[in-house]
Amino acid sequence: MKKNKVQYIGKKVLIFAISVFLLSLITFYISRMAPGDPLVSYYGDRVEKMSPQERERAEERLGLHKPVSVQYVQWLKQAVRGDFGISYKYKKDVLEVIGGRIGNTLVLGGIGFLLIFVLALLLGVLCAWYEDSLLDRMICKVGTVTSCIPEFWLSLLLLLIFAVELRWLPGSGAYTVGKSDDILDRIWHLILPVSIVVLNHLWYYAYMIRNKLLEEVRADYVLLARSKGMDKKQILFRHCLRNIIPSYLSIMAISVPHVLGGTYIIETVFSYPGIGTLSYESARYKDYNLLMVLCILSGVVVILCNMIAQAVNEQIDPRIRAAEIMEETEVTQL
Amino acid sequence: MSELLEVKHLSVGIDTVQGEVEAVRDVSFSLRAGEILAVVGESGCGKSIMCKSIMKLLPGNAKIKSGSICINGVDITSYKEKEMQKLRGNLFSMVFQDPMTSLNPTMTIGAQIAEAVLIHQPKLSKAEVKKRVLELMELVGIERAEERANLYPWNFSGGMRQRSVLAIALASDPDILIADEPTTSLDVTIQAQILDLLREIQKRLGTATILVSHDLGVVARCADRVAVMYAGKIIETGETQEVYYDPKHPYTWGLLRSLPALSRGKDRLYTLPGMPPSLIHPPKGDAFAYRNTYALAVDYEKEPPMFRVTDSHYVATWLLDERAANVRNQIAEAMGNVDAVGAQNGEMETKQLCRKRCIEKLESGGNFEVLEQAESEEGQNSETGQNAEILLDVQHLSHVFPLSKKHVIRAVDDVSFQIRRGEILGLVGESGSGKSTVARCIMNICRPYSGKIVYRGIDVCDRGQFRQNKKMLQTDRQLIFQDSGSSLNQRMKVKEIILEPLKVSHMKPMHGSYHEEALFQMKAVGLEEQCLNRYPSELSGGQRQRVAIARALITEPGLLVADEPIASLDVSIQAQIVNLFRHLQEEHGFSFLFIAHDLAMVEFLCDRVGVMYHGRLVELAPCGELYANPLHPYTKELLSAIPVPDPLKERARKTTEFGSDKYVRGGRMEEVLPGHYVEIDQ
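Sequence order for the protein chains is A and B.
Under the working numbering, residues 788 to 1121 are what the first sequence spells out, in order.
Under the working numbering, residues 8 to 689 are what the second sequence spells out, in order.
Just so you know, these hints were derived from the structure itself, not from any lab.
Treat the hints with care, as some may be off.
[What the hints assert, rightly or not] Stretch-level coverage of chain B by chain A, calculated; a stretch enters the list once three of its residues show a Cβ under 8 Å from a Cβ in chain A:
id: 1; segment: 87-94
id: 2; segment: 104-115
id: 3; segment: 118-131
id: 4; segment: 169-176
A virtual CB, placed ideally from N, CA and C, is assigned to each residue, including glycine.
Isolated chain A, as found in the complex (with noise of 0.2 Å):
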């Protein structure tokens, strides 16, 4: 038994590293095809005035003067050993910049998908407890209508009635200048992002746990239990929710890079100082050590939560674990 679990942590990190790697060449070569002048992050708009004999000189000393899988080896060996760069734009450590930021975007993603993961929960139990009510029937048209709107549309229509038109919530930033160390000014300044986080992803996860709650409340075994003399809060929370539990999990893991591709457009549109907004300059002015090391970033969160989320499954329900037991009891031989 020991030896498989070795085994099979071996094969998942094996599976991530390859991931990976495969992930870093494809942006590497990716980034270096996509037009723009890497230059100009790094020089500024004085690169318009260089000469040619000027702009070689720069190209040779920031290296892109060779072949680019050249390149690529060397950035390689490099980030192997923990150098990823430096930021042309900042001038600094690649990983230094980040650290600045992804703070920010910590914050601002965790609460909302924290947030989302409750709230869906508690709306789609109520769904399904009120089923075909009119409440079950508001709360899913509302939902279909929030999920169509963009997000950045969305966030566009609030800056201005809040922000603008208001005056009662701040319209960017993640603090009031100054100010950076007021953790109520923090949050006065988290309120409007994370609800447009939250707005648009709560719906689809509430109407998908209301859905699954209704099929179990469907399924025979409900009967039973009904006749058995339970009360519909004791079934519902007992028996259904239970067995909806591992599939929601896994798929709120999953779900994780896409409320995070969400946050990065909502930083975008509110200038909130995070990865995002970060990955947007650096696709931009093809800041390309920078990119690289967002990329990958985004890039591991997606394959962990993914692996998590087959982990969670495997551990929750006991269906998957059935190979495990059956093997305890005596079965023939080959």
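Guided by the hints, dock chain B onto chain A, whose structure is given.
Chain B alone, transformed into the frame defined by chain A:
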């Protein structure tokens, strides 16, 4: 005895898109403490809905329209959900048809029983609950309860699951147990065990039981009283012996006669023509009139009242009216004639004759007389069979399913048999014995682990040979599945389903256009023209199976493989389908591999029968020979498990049990008598 449950003039309606279905119409009955009442009728007669309305477990679109349900003299008809919850489990509880789905798959059996214990005794300590759970598991005959309590439903076999459901139902010692077709989805051998268990529990705990079934043979074993339901009404009710020995309603006659045990040794099974009417607009008058050979004019006009036969026996048929006395005499006369002439005219044969034959057979300790006849027929058949070429030759077929890297299940283990041209071979065995896997290997759905399957001289498991003859192999072998509800595409019309095999194999229709061909095939399997443009979900189970047969036969196959084609149907419909198979086989002359899980129906169809057990073919013999002279202990068990619709005999009948622990794998097939092969321990 006191009346424990009294249902008076109960009517239940279900709202559907097509209109209101009057599922239960003016039903009255009572249940005394400690008795078993059997409710019998075909599917769609409102038995289940009636049970659920007693428990108030009706689906949302169904409601009780009128009538009252009294328990211990208290009217519970108007009870709200909260009040019902206190009664459920405590006063009455229910066992459902399918033990596969009625247990929560993610909870251990022990936890699910414990839950049922705790609901009505929340103050019990953990140790007490555990003690009670183990006690319950032992009560329902689950051995090694302590370790099994920690297992999940999927670790259990069907019979064990049904026992667990029973343990849950009995958790708080209910006064009334409602068992809704508790044995329908189980193997025959397990079925008898569960029924005996029900009887034993009723004796030990004094639980009054309502046992619902579509099979009169099944309930003869344990019912005290029987109520026959048709089209939402109870049409005959009485003590078990009255209903079985002196049935008065023509529907009860039909149900009894369509049981295979009563047609033993005859050429054809008696079938009850047609099927129950739709209850959206129930027919005027007696709902059974349209299927009744003895229908009177008044049957089409006015509903018959309940006529009293004895104090406990009531029947709703106009035949018992004074004015119908001469008709009764005529029927009695006809019966007498038939008795003299013999079984020439199946239609005119009557229940009394059936009963008499049944008793005769049982008294003579077997069925030698009748079987002699069958054997002589068999002799002719096997002669032609021996001359005919071998169409399918299965040689040492084995198939394994891996469970993990170390362990495998031997689903099929060294099975060899042959099917000659025009022969019908039956393959019988309990679920999990590998019958379906054999069928799938023959049809190239599964690749066998080892062994050879030769069809018309082509080794179908050889990739090269298969590719060369692909078209012939695909059109010449056809498969019919057990559940046509799921094996027919729900989004295709019947016409498209029937014609699909022709179109995918680019064959020309033989009867003119595609439409005409479809019409021809529909008529051949006894379906009406208007079914052509319907969807499978609009048809009944029997009709869907007919569609599946038409689809299989449209390419004029040389070999038809049917994987439990009748297992999910009512007994009366099973008989119809078996007769249809027989008729079609005579007409088309295809070879036929017929798979079933019990021996009752196989007898009327097959030339030879093979019995499978744990992946092995343990006995293979000509049909008559097998029934007259079963040699393998497992075959004996299967034969003894066929229920007899005669309460006295049935109760006296002992099933021989063949424990799986006694079975030693790896015996050798030997020809004991000409054509009769049995596996013998080495």
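Taking beta carbons only, do three or more residues of the segment 104-115 of chain B come closer than 8 Å to chain A?
holds (count 8)
Per-stretch coverage check for the segment 118-131 of chain B, three Cβ contacts closer than 8 Å to chain A
This one holds; 4 residues, not fewer than the three required, reach chain A with a Cβ under 8 Å.
At a Cβ distance under 8 Å, does chain A reach at least three residues of the segment 169-176 of chain B?
holds (count 3)
Per the coverage rule (Cβ-Cβ under 8 Å, at least three residues), is the segment 87-94 of chain B covered by chain A?
It holds, with 5 qualifying residues against the three required.
Comparing the model with each earlier hint shows no violations; every hint is respected.
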